[in-house]
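Engineer: Sequence:
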Amino acid sequence: MAVPTIANEASILLTANMDSGSPPKCNGDDSLSYGAETSFSIDDASDEDNMINILANVDEGAINSEHMVTNTEDSWGKTMAGLAGNILEWYDFAVFGYFSDILSDVFFPPNQAGHAALVETFAVFGGAFLMRPVGGVMMGYIGDKYGSRKALTVSIFLMAFPTFAMGCLPGYESIGSLAIVLLTLVRLLQGLSVGGQLMSSLVYTLERHPKSKWGLYGSYVMAAANVGTLLGGTVAMILRGSLTDEQLHTWGWRVPFLSGILVSISGFYLRSHGEDDDQQHVHGEGATSSAQNPIRLAFSRGNIRALLATAMVTLLWATSFYLIFVWMPVYMTDLIDNPVPNAFAVNSASLAISVCLLFPIAGWLSDKYGRRKVMGVGGLLLGVFAPISMAVIGNGITATALLAQTFLGIALSFWGAPMMAWLAESFEPSARLTSVSIGYNVGQVLGGGVAPAAATELVDHFGALVPGYYITVVAVISLMGLCIVAPRLPVHFSVVQGQDEFVYDEEDEDEDGVI
Numbered sequence: 001m002a003v004p005t006i007a008n009e010a011s012i013l014l015t016a017n018m019d020s021g022s023p024p025k026c027n028g029d030d031s032l033s034y035g036a037e038t039s040f041s042i043d044d045a046s047d048e049d050n051m052i053n054i055l056a057n058v059d060e061g062a063i064n065s066e067h068m069v070t071n072t073e074d075s076w077g078k079t080m081a082g083l084a085g086n087i088l089e090w091y092d093f094a095v096f097g098y099f100s101d102i103l104s105d106v107f108f109p110p111n112q113a114g115h116a117a118l119v120e121t122f123a124v125f126g127g128a129f130l131m132r133p134v135g136g137v138m139m140g141y142i143g144d145k146y147g148s149r150k151a152l153t154v155s156i157f158l159m160a161f162p163t164f165a166m167g168c169l170p171g172y173e174s175i176g177s178l179a180i181v182l183l184t185l186v187r188l189l190q191g192l193s194v195g196g197q198l199m200s201s202l203v204y205t206l207e208r209h210p211k212s213k214w215g216l217y218g219s220y221v222m223a224a225a226n227v228g229t230l231l232g233g234t235v236a237m238i239l240r241g242s243l244t245d246e247q248l249h250t251w252g253w254r255v256p257f258l259s260g261i262l263v264s265i266s267g268f269y270l271r272s273h274g275e276d277d278d279q280q281h282v283h284g285e286g287a288t289s290s291a292q293n294p295i296r297l298a299f300s301r302g303n304i305r306a307l308l309a310t311a312m313v314t315l316l317w318a319t320s321f322y323l324i325f326v327w328m329p330v331y332m333t334d335l336i337d338n339p340v341p342n343a344f345a346v347n348s349a350s351l352a353i354s355v356c357l358l359f360p361i362a363g364w365l366s367d368k369y370g371r372r373k374v375m376g377v378g379g380l381l382l383g384v385f386a387p388i389s390m391a392v393i394g395n396g397i398t399a400t401a402l403l404a405q406t407f408l409g410i411a412l413s414f415w416g417a418p419m420m421a422w423l424a425e426s427f428e429p430s431a432r433l434t435s436v437s438i439g440y441n442v443g444q445v446l447g448g449g450v451a452p453a454a455a456t457e458l459v460d461h462f463g464a465l466v467p468g469y470y471i472t473v474v475a476v477i478s479l480m481g482l483c484i485v486a487p488r489l490p491v492h493f494s495v496v497q498g499q500d501e502f503v504y505d506e507e508d509e510d511e512d513g514v515i
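Okay, so the sequence shown: first residue is 1 according to this note's numbering, each after it adds one.
Everything hinted at is true.
Below are the DSSO-like pairs computed for lysine-lysine, each with C-alpha atoms no more than 30 angstroms apart in a straight line: (1) K211 - K145; (2) K211 - K368; (3) K145 - K213.
Ranges between beta-carbon positions, derived for each pair: (4) L262 - L130: 18 to 28 angstroms; (5) M480 - G176: 42 to 52 angstroms; (6) L403 - V476: 19 to 29 angstroms; (7) Q292 - L178: 41 to 51 angstroms.
No lab work stands behind these hints, which were simulated from the structure alone.
A virtual CB, placed ideally from N, CA and C, is assigned to each residue, including glycine.
Using the sequences and the accompanying hints, generate a full structural model.
Structural biologist: The structure is reproduced here in structure tokens:
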């Protein structure tokens with residue numbers, strides 16, 4: 001392990017044992033000791049407090065993160081508020097997909113050929129993804145400059161109000177094509193919010209927990225989003241089971257959107273709590289100095305390879321998740337010759353069994369065995385078995401459809417859960433949120449934004465099994481991103497007047513290649 005050097009105006013020199021877990025202590029000779037192999041020399045003893053403050057904000061690679069969290073209960077409260085916002089925000093975003101068949105009747109011209117209205121609805125659904133990179137850049141800039149809590153709070157409020165507005169929109173029969181325009185506008189605002197929300201929540205959570213457990217805690221962040229998707233599916237199932245078709249088309253579809261205002265509750269909590277904690281992280285490991293532009297850092301020469309890798313890796317997650325759990329209920333009911341009975345119940349059960357429950361296990365396994373190994377298993381399973389699973393679902397048998405969809409969800413968990421920590425670990429802290437938001441959201445645009453509409457069109461022209469092969473092709477691309485364009489971790493730290501500079505060393509990479 002190469003030795004990092006930290007220097008500031010007080011000529012503070014550091015050599016650190018990266019595996020040590022003991023807090024620093026004063027030796028009484030203008031120096032500090034950190035474990036058996038660590039020492040700090042300070043020209044002026046008055047700088048000792050400043051040195052300890054610097055140490056308290058260095059990554060766990062130099063100091064165990066357990067010493068960074070001074071109020072565990074308060075930290076957990078803020079983390080849970082962020083996760084609650086994640087659940088509610090992804091509930092808001094997902095219900096559009098679950099009610100897409102009804103929205104196609106309400107907002108688009110009637111009597112179109114084939115599934116044209118449904119394709120148009122999914123095109124609006126995908127249009128929101130075009131705003132996600134914009135939201136990612138905007139929230140990433142706020143997060144890297146002023147703290148991830150502020151970015152998370154802004155994104156939560158940005159989701160609550162357009163979702164509520166969507167529930168108030170008049171339909172095509174009332175205002176004609178203007179209904180489509182308004183639906184598209186509020187959906188674009190939703191995309192702007194989601195583009196920054198998930199990664200803000202990820203960075204906000206991970207930077208408050210030990211790096212040795214980032215796989216586990218990163219999986220919690222995505223599991224919370226999946227719980228939100230599950231909640232949306234459950235609400236759709238209840239409404240479809242309890243209301244008539246006429247009631248659903250007149251007012252029932254509005255209920256889940258109007259409830260979106262609940263997402264603002266967690267936003268109010270985050271806005272009114274945690275100011276001191278956020279300031280600690282702004283001036284600490286994840287900070288960007290006033291002289292630095294996180295957007296410029298994100299597109300710097302040394303960052304491009306990691307950006308490309310994150311976009312390619314995210315592509316499989318986005319494509320598979322939206323096809324398997326958001327588009328699939330519509331596929332089971334409207335697009336195959338043998339519709340699956342209780343399709344929404346099947347979808348909710350498979351989502352709960354696989355993605356929601358298995359995610360923490362897959363994240364923990366990645367902490368133990370490495371991200372690439374666990375993700376590789378998931379990617380291979382998706383690529384090989386997606387076409388077979390689509391064939392099984394197409395038989396229209398409830399039990400086998402549940403097994404096939406659950407299997408796809410399990411494979412997706414092994415890809416998606418470790419991916420969260422992998423994304424954060426791919427970038428240096430000074431531009432982490434901006435970089436990861438850009439890479440992740442580009443993958444989302446190309447994956448989740450395109451897949452539902454493309455799959456619907458492909459089924460109409462080439463048959464019901466084609467979406468499975470679609471996933472296979474995407475799996476090959478994403479595995480290439482994981483294995484060939486894998487980013488490296490920063491292992492050398494240099495802090496000059498509060499600015500973080502990271503040096504990469506291939507010899508210090510894990511046995512996996514990255515992490």
